[in-house]
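S.K.: For reference, the chains in residue letters:
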Amino acid sequence: MEYSDKVMDYFMNPKNMGTMEEPDGVGEVGNPSCGDQMTIQIKVEDDRIVDIKFKTFGCAAAIATSSMVTELARNKTLDEALQLTNQEVEEELGGLPPIKRHCSLLAEEGLEAAIENYRSKQEGNS
Amino acid sequence: MEYSDKVMDYFMNPKNMGTMEEPDGVGEVGNPSCGDQMTIQIKVEDDRIVDIKFKTFGCAAAIATSSMVTELARNKTLDEALQLTNQEVEEELGGLPPIKRHCSLLAEEGLEAAIENYRSKQEGNS
Amino acid sequence: MENSLIYLDHNATTPVAPEVLQAMQPFHREQFANPSSPYRIATEAAQARETAREAVAELLGCKSQEIIFTGCGTEADNLAIKGVGFARRQQGNHIITTKIEHHAVLKSCQWMEKQGFELTYLDVDETGRVSPEQVERSLRDDTILVTIMHANNEVGTVQPLQEIGELLADKQAYFHTDAVQTAGKIPFTVEDLKVDLLSISAHKIYGPKGVGALYRRQGTTLQPLLHGGRHENNLRAGTENIAGIVGLGAAARLARKNLAESADKRVAELRDRLEAGLFEKITDLKFNGNRNHRLPTTVNLSFNYIEGEAMLLHLDAHGIAVSSGSACTSGTLDASHVLLAMGVPVELAHGSLRFSLGYENTEADIQRVIDLLPGIVRKLREISPLYPGEQ
Amino acid sequence: MENSLIYLDHNATTPVAPEVLQAMQPFHREQFANPSSPYRIATEAAQARETAREAVAELLGCKSQEIIFTGCGTEADNLAIKGVGFARRQQGNHIITTKIEHHAVLKSCQWMEKQGFELTYLDVDETGRVSPEQVERSLRDDTILVTIMHANNEVGTVQPLQEIGELLADKQAYFHTDAVQTAGKIPFTVEDLKVDLLSISAHKIYGPKGVGALYRRQGTTLQPLLHGGRHENNLRAGTENIAGIVGLGAAARLARKNLAESADKRVAELRDRLEAGLFEKITDLKFNGNRNHRLPTTVNLSFNYIEGEAMLLHLDAHGIAVSSGSACTSGTLDASHVLLAMGVPVELAHGSLRFSLGYENTEADIQRVIDLLPGIVRKLREISPLYPGEQ
Ligand SMILES: Cc1ncc(COP(=O)(O)O)c(C=O)c1O
Ligand SMILES: Cc1ncc(COP(=O)(O)O)c(C=O)c1O
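Residue numbers (the working numbering), protein chains in the order written: chain A, 1 to 126; chain B, 1 to 126; chain C, 1 to 391; chain D, 1 to 391.
Same shape as in the complex, but just chain A (with noise of 0.2 Å):
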């Protein structure tokens, strides 16, 4: 098994990594006894994500594929951030080995949950 330098530098180093003050949706996917669980911040202006915070426990594939998802989404209007796909966070890291494929659909959740909880929580207030 392999991970291409892309990914190894997403995990050694990865952005948008951490918490934020009073985030406008918070996306929580996977389960600890799964082997990965994210939790996803946004901050969301005019309908667009301008702030984006993760924290991931999980393998390598798990923390890359999280924080390129958070650097893919950041200054997008929540509509097409809706449209970002696993593929899509897989090929910005120049794929995934096939048994870590899973991983990239734990971002792709977490984002969208995250933009799911800011909506339903417009409603709320609306």
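Hint data in this document are derived by calculation from the structure and do not stem from the laboratory.
Source: prediction; values computed, not measured.
Beta carbons: idealized from backbone N, C-alpha and C, even for Gly.
Be a bit skeptical, because a hint or two may be false.
What the hints assert, rightly or not - Okay, derived cross-link-like pairs now, EDC-like style, lysine to aspartate or glutamate, Cα gap no bigger than 16 Å in a straight line:
hint	chain 1	residue 1	chain 2	residue 2
1	B	Lys53	B	Glu22
2	A	Lys15	C	Glu30
3	A	Lys76	A	Glu45
4	B	Lys53	D	Glu113
5	D	Lys194	D	Asp170
6	A	Lys6	A	Glu71
7	A	Lys53	C	Glu382
8	A	Lys121	A	Asp24
9	D	Lys379	B	Asp9
10	C	Lys379	A	Asp9
11	B	Lys15	D	Glu382
To be verified - Pair ranges (Cβ atoms, derived):
hint	chain 1	residue 1	chain 2	residue 2	range
12	D	Asp334	C	Ser64	25 to 33 Å
13	C	Lys63	D	Asp334	28 to 36 Å
14	D	Gly61	C	Glu363	52 to 60 Å
15	D	Asp334	B	Glu116	24 to 32 Å
16	D	Glu360	C	Arg256	34 to 42 Å
17	A	Gln83	C	Gly389	31 to 39 Å
18	D	Glu19	A	Glu88	25 to 33 Å
19	D	Lys286	C	Pro18	48 to 56 Å
20	C	Glu113	D	Glu360	50 to 58 Å
21	D	Glu261	C	Ser64	55 to 63 Å
22	C	Glu50	D	Glu261	33 to 41 Å
23	D	Gly375	B	Glu88	32 to 40 Å
24	C	Gln218	D	Leu167	33 to 41 Å
25	B	Glu88	D	His318	41 to 49 Å
Keeping the supplied structure of chain A fixed, place chains B, C and D with the ligands upon it in accordance with the hints.
M.R.: Chains B, C and D with the ligands in isolation, oriented as in the chain A frame:
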């Protein structure tokens, strides 16, 4: 599988190999389709083997034991010669590989057959 | 890069020792003959094979005719289990093993189940140990084989084989052990363990990969797994890997020498230092295994809130090679079946590292891990949504 | 002694070529890691394994995913036969093979009979060839496997696999061939032969002993023979013998180069010279095999009135290594099952020699055999009670 030096010597330079004119007794044992056959001829004087010759079709062990049995039988009385066992032949040769043990039987049986043949001719004559 | 490598994964495999490599050398191009042939150069190869067999027999305290050379430890395990199963089907249908066996044993047993055999998989306690009483309770009249590993590759727990062997002594069941992790690493003989069959592998003790052996007590009925020529007393066909076999012989001799010089004790001291150093510097650390019955080479730890592979890759970036779970099961994402059987919670099983030391490791190696790992753990815990922060 | 060795037993085994040995060297102590591990030095070992897989695939004209590395040719044969048998039991129960297979195939088939499979052992003609028509006649609806060797190790006869493969194309039966004696020695691809499974062994083509491979056409159902870790696409467990696998890869590359340079034709010329020289000087000589369909390396002759081992040992005393019958069945005193199946009378089967040449043999080697053997034959015939004398 490995032969002792003595087996190799008796195989490479067999003693008493050949045939004689007018032998007193002839033994023929074995069967080419089983992989070995031996002919043994003896000349008898005063109930004693005074000359002995053999020919053998077979592996190194068959040739070496044939040669050794003729060496051991020469100058023995017929009764003494009949006491010779395949163990003795084997021991004189410094042992045989286990799967080659049966070859020393051929030599013992060949000698017996030749003495048998001599004695039955004697009976016919008397 | 290789120069500065700190290798702490000796339970996965070891480098071939220089003296082993040298012993093997003549058998590639000079004494290369097929030892089954009757000519002289073949006889030399056959003699080298028998000398190696004696060396292995001496290591295990058995007769050299009781050693069957195989192509790896896995093959030795498969041969023991399937070989006994098919040979003794008349006598019975029941096989006992444990939940923490290496996959070579576990998957062989599962395959035997498909062939109609009945299997009992014994539980272990939280230290990874089987209880002899449980073995006794599981025994049936139709039990033909009990197979329990000597020491576990992941956590290093050593099983009470002697006690189990004693209670099997008057039973019809054969007793097999996978000693791939113990042969040459801790001193024992097959008589100590009271086993009928015992598997070893060369590459775990500074020998070459691709060669193993099965000890088979004289009179133990066995069917071959590889059919063909009459090699290895008709029990394992295939032109003998003479260089490999000679390498296993040399590795066995080296292991005896190392044991005689208490190399196992020295490595245990280093291992203890590593363990103490990490416990001192890292919080929320869990020890996996049995401190009283353990391989001298091995320590397995779970690092709460973070995942094993992530730690492993950070260490790798510093030239330190360790394992998370068993190397043989990577390629799977399941948590270690051994840790789970010991009752380790799944998250903690995912967060485990195995350090397995070898004779060439130094205090400096250990110190470097103690210096580096706490920072890596801190960094990964910061990324982890599970980490509550320092309490 | 070794310096003056004339080695004419290449069908039994070959010396490891210098370039093969060199390719293997780094994988004993430097790149020694277990390729299943996720750290960097392990990845290098895994890459070396995949490069070797590609080299083997190129030699056989297949995809690299279709290559399964094994511990020897025997294991590849056992894996093919038992692996298909157990995997396809639902589809049928009948296996077809021939009477002249290597024991690795023959004994595997006999074991399958004990497991309840039905076997057909095809006859061969007096040249050692199977007829495609007979294969066709033996096919049944429940035939799941046809296994026919590519070239026989004792007499070198090459089978009409392509014709057989064509008639099996629309049948459910898989087609396996033991190509241990042909891979790397004569040019072919798996597509030429139309086979689904094909066994090879490194040590027959200047590679190391203890490593082989099975080609398995994509989609061909197979059960593993060695259960355990997920190595080799879940089809062959056991820590990979990386040095050995790299050696097989290097041997495959060397074989391709040799074939490209028509080394097979050169060796056939030497072989023909040997054959002609012996026929010229020795009476009552019988050729065993098929002059039109034969391995370039091999000539098998029966010397009337005398026995093979005796000749062999005389040649050995002169530093010439040949074989009488198959090296793998020595340790038995039965006459070659191959020669008997070809209708050779038992005495003549006992009196056979196999000369198998390699790329390092010279004209001088051949000339020495032609000079020496007639005297040896004469001497042994003088000892033989069967010899009628020169007519
Ligand atoms: C035709 C044939 N098949 C199979 C084998 C077995 O190969 P290995 O010795 O590598 O197990 C051999 C040689 O021994 C052979 O000549
Ligand atoms: C306990 C145990 N058994 C069996 C094996 C299998 O040995 P091999 O890799 O030589 O097939 C291993 C190592 O992989 C092991 O650690």
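S.K.: Against the structure shown, which of the earlier numbered hints fail to hold, in ascending order?
M.R.: Result: hints 2, 4, 18, 21, 24, 25 break, sorted rising.
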